[in-house]
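Below are the chains, spelled out letter by letter.
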Amino acid sequence: MSGNELIWRIAGGSGDGIDSTSQNFTKALLRAGLHVFTHRHYPSRIRGGHTYVEVRARDQPVKSRGDGYNVLLSLGDSFARNPQEDAYYGDEETKPLTENLDELREGGIIIYDSGLLDEDDLPADFEERVDANDWHVYPVDLRAIAKEHGREVMRNTAGVGITAGILGLDLSYFEDLMRESMPDEIFEPNLAVLEDAHEQAAEMDHDHDIGLPENEHETEQVLLSGSNAIAYGALDEGCRFIAGYPMTPWTEVFTLMNKHLPKFGGVAEQVEDEIAAATLAIGASHAGAKAMSGSSGGGFALMSEPLGLAEMTETPLVLIEAARAGLSTGMPTKPEQGDLEHVLYTSQGDSNRVVFAPANVEEAYTQTRKAFEIAYGYHIPAIVLYDQKLSGELRNVDAEFFNEEPNPDLGATLTEDEIAEAAHHASGKFQRFKHDVGNGVSPRSIPGQKGGRFLASGNEHTPEGHISEDPENRVAQMDRRLQKMEAIRDDLDANSSHQTYHGDEDATYGIMTYGSQQGTVEEAVDRLRADGHDVKMLGVSDLMPYPEKDVRSFLESVDECLVVEMNTTEQFRGLTQKELGEFGPKLSSLLKYNGNPFEPAEVVEGFEATIDGTEFERETARFQPAAGD
Amino acid sequence: MSAFNAIGQNREVDQNEFTPEIEPQATWCPGCGDFGVLKALKGAAAELGLDPEEILLVTGIGCSGKLSSYFESYGFHSIHGRSLPLARGAKLANPKLTVIAAGGDGDGYGIGGNHFMHTARENHDMTYIVFNNEIFGLTKGQTSPTSPKGHKSKTQLEGSAKDPLRPLSMSLSAGASYVARTAAVNPNQAKEIIVEAIQHDGFSHVDFLTQCPTWNKDAKQYVPYVDIQQSEEYDFDITDRREAGHAMYETESALYEGKVLTGRYYKDENRKDYQTEKLDRGSMPDQPIAEQYFDDDHEWKRSYDLLDAHK
Numbered sequence: 001m002s003g004n005e006l007i008w009r010i011a012g013g014s015g016d017g018i019d020s021t022s023q024n025f026t027k028a029l030l031r032a033g034l035h036v037f038t039h040r041h042y043p044s045r046i047r048g049g050h051t052y053v054e055v056r057a058r059d060q061p062v063k064s065r066g067d068g069y070n071v072l073l074s075l076g077d078s079f080a081r082n083p084q085e086d087a088y089y090g091d092e093e094t095k096p097l098t099e100n101l102d103e104l105r106e107g108g109i110i111i112y113d114s115g116l117l118d119e120d121d122l123p124a125d126f127e128e129r130v131d132a133n134d135w136h137v138y139p140v141d142l143r144a145i146a147k148e149h150g151r152e153v154m155r156n157t158a159g160v161g162i163t164a165g166i167l168g169l170d171l172s173y174f175e176d177l178m179r180e181s182m183p184d185e186i187f188e189p190n191l192a193v194l195e196d197a198h199e200q201a202a203e204m205d206h207d208h209d210i211g212l213p214e215n216e217h218e219t220e221q222v223l224l225s226g227s228n229a230i231a232y233g234a235l236d237e238g239c240r241f242i243a244g245y246p247m248t249p250w251t252e253v254f255t256l257m258n259k260h261l262p263k264f265g266g267v268a269e270q271v272e273d274e275i276a277a278a279t280l281a282i283g284a285s286h287a288g289a290k291a292m293s294g295s296s297g298g299g300f301a302l303m304s305e306p307l308g309l310a311e312m313t314e315t316p317l318v319l320i321e322a323a324r325a326g327l328s329t330g331m332p333t334k335p336e337q338g339d340l341e342h343v344l345y346t347s348q349g350d351s352n353r354v355v356f357a358p359a360n361v362e363e364a365y366t367q368t369r370k371a372f373e374i375a376y377g378y379h380i381p382a383i384v385l386y387d388q389k390l391s392g393e394l395r396n397v398d399a400e401f402f403n404e405e406p407n408p409d410l411g412a413t414l415t416e417d418e419i420a421e422a423a424h425h426a427s428g429k430f431q432r433f434k435h436d437v438g439n440g441v442s443p444r445s446i447p448g449q450k451g452g453r454f455l456a457s458g459n460e461h462t463p464e465g466h467i468s469e470d471p472e473n474r475v476a477q478m479d480r481r482l483q484k485m486e487a488i489r490d491d492l493d494a495n496s497s498h499q500t501y502h503g504d505e506d507a508t509y510g511i512m513t514y515g516s517q518q519g520t521v522e523e524a525v526d527r528l529r530a531d532g533h534d535v536k537m538l539g540v541s542d543l544m545p546y547p548e549k550d551v552r553s554f555l556e557s558v559d560e561c562l563v564v565e566m567n568t569t570e571q572f573r574g575l576t577q578k579e580l581g582e583f584g585p586k587l588s589s590l591l592k593y594n595g596n597p598f599e600p601a602e603v604v605e606g607f608e609a610t611i612d613g614t615e616f617e618r619e620t621a622r623f624q625p626a627a628g629d
Numbered sequence: 001m002s003a004f005n006a007i008g009q010n011r012e013v014d015q016n017e018f019t020p021e022i023e024p025q026a027t028w029c030p031g032c033g034d035f036g037v038l039k040a041l042k043g044a045a046a047e048l049g050l051d052p053e054e055i056l057l058v059t060g061i062g063c064s065g066k067l068s069s070y071f072e073s074y075g076f077h078s079i080h081g082r083s084l085p086l087a088r089g090a091k092l093a094n095p096k097l098t099v100i101a102a103g104g105d106g107d108g109y110g111i112g113g114n115h116f117m118h119t120a121r122e123n124h125d126m127t128y129i130v131f132n133n134e135i136f137g138l139t140k141g142q143t144s145p146t147s148p149k150g151h152k153s154k155t156q157l158e159g160s161a162k163d164p165l166r167p168l169s170m171s172l173s174a175g176a177s178y179v180a181r182t183a184a185v186n187p188n189q190a191k192e193i194i195v196e197a198i199q200h201d202g203f204s205h206v207d208f209l210t211q212c213p214t215w216n217k218d219a220k221q222y223v224p225y226v227d228i229q230q231s232e233e234y235d236f237d238i239t240d241r242r243e244a245g246h247a248m249y250e251t252e253s254a255l256y257e258g259k260v261l262t263g264r265y266y267k268d269e270n271r272k273d274y275q276t277e278k279l280d281r282g283s284m285p286d287q288p289i290a291e292q293y294f295d296d297d298h299e300w301k302r303s304y305d306l307l308d309a310h311k
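From first to last, the protein sequence lines stand for chains A and B. All the letters of the first sequence, read from the start, carry residue numbers 1 to 629 under UniProt numbering. All the letters of the second sequence, read from the start, carry residue numbers 1 to 311 under UniProt numbering.
The following block holds chain B by itself, in its conformation from the complex:
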């Protein structure tokens, strides 16, 4: 008998199972795009038949970091920018867990940018949702890595002189094997994309446009939006790196010209995820580490048997 019976049941799951029956109620502002992420994630997890207790949701700091408070599962509300390394460690200790990491654009593309790059490179089998509202919300409206050039705030009084970071292109070049952009205003697409992201074997990056009605007063509601898969204007092959890169670049630029493009951008189904790569090399155990401690028959090696080299 497994020590982790919440894992792998594949049962009928109602999305209300992911809603805490009582507190805490979400404290996001009325009209905040973050509600859209919560709703999409609940819908996706239910659709996939995931038990709340086989999911580890790791979040960073900021408004987005509160996601783990409002989504009923095992949660880890970690430190600013560090959700990905924490998620990686957990996934390696128990690959059978469904691991989801989430944070904001400052969290993931700014302070945690190095971790983002390396997690994508390693292609860990997990989903990373970035709440991209082009601003620092919880600290009250400072310019973020995705704020448009010229963005004025209390930390950029004369307007930002920096070009915004290109999250999709960065993800592709770093090595993510599933890259998509969706928006809170497009709940059906958001849910579908998160389902695909969780199902994908490898690192899935979802750049999730979440409007901030409080601090992004230019009132970016991300409407109207275009689903590039639905539009005849954008015909490209999401398994083709070059075409994907081109579409990403166009999408990133268009956002700052008032045109909201969303959809699936890249998918590589041939690339093995990190854990499989390690298994192939004999540097990952067949039995998850976490299960070994609960297995009475597990054979525990000891250093005494290494001493010949020291004689």
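Okay, chain A solo, but in the shape it has when bound:
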């Protein structure tokens, strides 16, 4: 496998520039014609700690982080707190090297900073492991190269230069990227560092067999994360208002909107808490703006109350939930899919909302747009549920994918002329919540419109909005609000269902997943099929209203199905059984909740456990057999 792909891992401490260096590296590979994909692993602290980014490059589109990696650039941790091995956090000085060895593939390359680590600092079994795994080790004094031409912080550039030299990468892409992003006085010494390191690497022994794949892009590619795609989808759908409060990983979407909205004629507000954030968005939407808010699990919990208000007052609202590992504060910078039930059901009363879970960058864009279209067309909150994985992973996408027209349509609203013709209560109030309307949607007026005044209330209310506990009115309003869900499901089924099928339609066995793990499962299915397994995948991205037809026909067509999700309580499998009322005995689960996203090999082994009944031996994930098995 090492022949056709590179998975480069750059490791160091937070604050060491790992992120920006890896982004430039990824862009350089993209410009060199490769398909790229990144995976970020970082701790919840500003300085130091175990941080790495993996950059995977292939000659075909990359769907997942892959299994393990094959080149390590260990930069050391310049903010290391504990130089003792028995300290609570371990020996942070050597961690960027030692913490990363377990996942390094056989025949892999290790580049480490010998300016930081002497041979004495290496773990006792290092040589032994190097021999056993046929690793190729390159100790280079990166700091010395950096200091010779510039400053010590330029060691990252030196590391990139060494990597490029060892792998035979053309330096021109790095040079261009550095020139574009650095002022001259920083660029010049960095270029000198890069070139010197590259030359030094050229003189080293190249006895490894890791080569770069070759490819050329036929169309222009852009490099984006799921967070970028969500922000751009919102902007293109005419969203002009956001309110929020910082929380990892939701902050990424929030900061992007803060950056762009003012230039797009919109308003971005950082407010006192998440209750206020979602409530401001409701106020803005009520007054005629396409508005959004969002958070991660803990902040989203505070939004339960406004979310219910939006449902009851039928105020259009888009919320983003960027899930991270729970419970409570959990693991702030690690991905998990444990917030599914939280997002589906939180807030009092029968939930009445739309939930999408995009699988990748493209779906993050299209489903965010769809969330606005549905929210404003049907007067209902729509939530885009994603997670820390999709939030930060960068992938190349065809630039023309984004060549779409903006949508300034405010949905089911009326002009003043239309309001004048519409039904009014004897008090003069406009009937904003009429009982009998085709698809459950009663068009709204906007404050300031002549003849359109009505009362919006979190209390049950009459057609014009007056508070009412009349039983007949209650049933009529509950039924009408519920009716919208059916209309939305029909709309999605007819126009833009976001389920993904992968593999042979006639396959005997299935794997089902939702949201961000889809790419990994697709890669696992490819591998299983290459090994002769009769398997296909269904990736579900519309969660509520549940895509009953799509899932039912998929599950009817297979003998057994493995459900892959990142949580402990089989939330997606539970939802499926609840919505479909059957298939329990067909469904087994593969669950992962150690803070790291699935690797394809884990899914492959999970499938083998499902079908062949082999023991699932990994400690990183848990196999849960079907009920009755």
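Simulated from the structure, these hints should not be mistaken for laboratory data. Where hints are given, some of them may not hold.
[To be verified] Straight-line C-alpha distance at most 25 Å; calculated BS3-like pairs for lysine-lysine:
1. B:Lys39 - A:Lys263
2. B:Lys311 - A:Lys259
3. A:Lys263 - B:Lys272
[To be verified] One-sided excerpt, in silico: chain A residues whose CB lies under 8 Å from chain B:
4. Val267
5. Ala289
6. Glu416
7. Glu421
Quick reminder that beta carbons are idealized off the backbone N, C-alpha and C, glycines included.
Starting from the known structure of chain A, arrange chain B on it as the hints suggest.
Relative to chain A, chain B alone:
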């Protein structure tokens, strides 16, 4: 032509336009101070020539929350404590609306205290009326943030051990640029103060003493009252922060000694409202967001033009 023709007409308005011709009739108890707020608000809105449909009245939960049911305008009866963030969002989406928020002392000083503090800090151009009856009314008489120390109720059986919250002082220190206290028993002053509050460019906070004849059995009717502007005993400059703060402290303490002081306490006409501050920084559009969707000539930007940074 604007899409919002109720806004900015400046026409002759009769205060009956703010009264629903038929239901709902107010369900407050006989003798409730809340009637005084409704009456003062109607009078003030008419005096200012405001069209009922250029006003968005956002209320919280409680007896006070029903104000939006009995005042004829665009209304939003929101959640307990959340009227202010909802009002802020609406004002930012369409700054041309006249936005008024209202709620009780539990709503605004208790559960919504954080929002109160931050809305004052940001100095949004809106009016906030707090129905202060020193008790939780709709849930039947529990101790509230402004109940006096020693107040006995079903939730404070031995009498409250807490000092009451000082709403005027809190408002001043948080950043409100117009602060006043009035009382339901003083309808002329109440109307005048609400007129001033709506006219003021910035966050206006009106602490409105509303007697609760049902649950506040100590029968606080807030009479006799003193209008501090009319009284020679209290001479201070309402544009002077220090003097205002002193008068507020005295007023808050006096209430619990049986002396009802009301009037204007603070006014800062130099401070810009929030939206103007944002406009100055280029973080607020000249054309209200709400109007953009109805403007066929509006130029809609798109993300495709941001892609250079991703190549």
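Status of the hints after comparison with the structure:
At most 25 Å may separate the alpha-carbon atoms for a hinted pair to count; Lys39 of chain B and Lys263 of chain A exceed this at roughly 44 Å. A C-alpha spacing of about 19 Å is found between Lys311 of chain B and Lys259 of chain A, which places the hinted pair at or below 25 Å, so the restraint holds. Between Lys263 of chain A and Lys272 of chain B, the direct Cα distance comes to roughly 23 Å. Compliance with the 25 Å bound is thereby established for this hinted pair. At its closest, the beta carbon of Val267 of chain A sits 5 Å from a beta carbon of chain B; the interface hint therefore holds under the 8 Å criterion.
Evaluation of the Ala289 of chain A hint against chain B yields a held restraint, the C-beta minimum of about 4 Å falling below 8 Å. The interface hint given for Glu416 of chain A is met, as the beta carbon of that residue sits about 6 Å from the closest beta carbon of chain B, less than 8 Å. A cut of 8 Å between beta carbons decides the hint on Glu421 of chain A: the least distance to chain B is about 16 Å, and the hint is violated.
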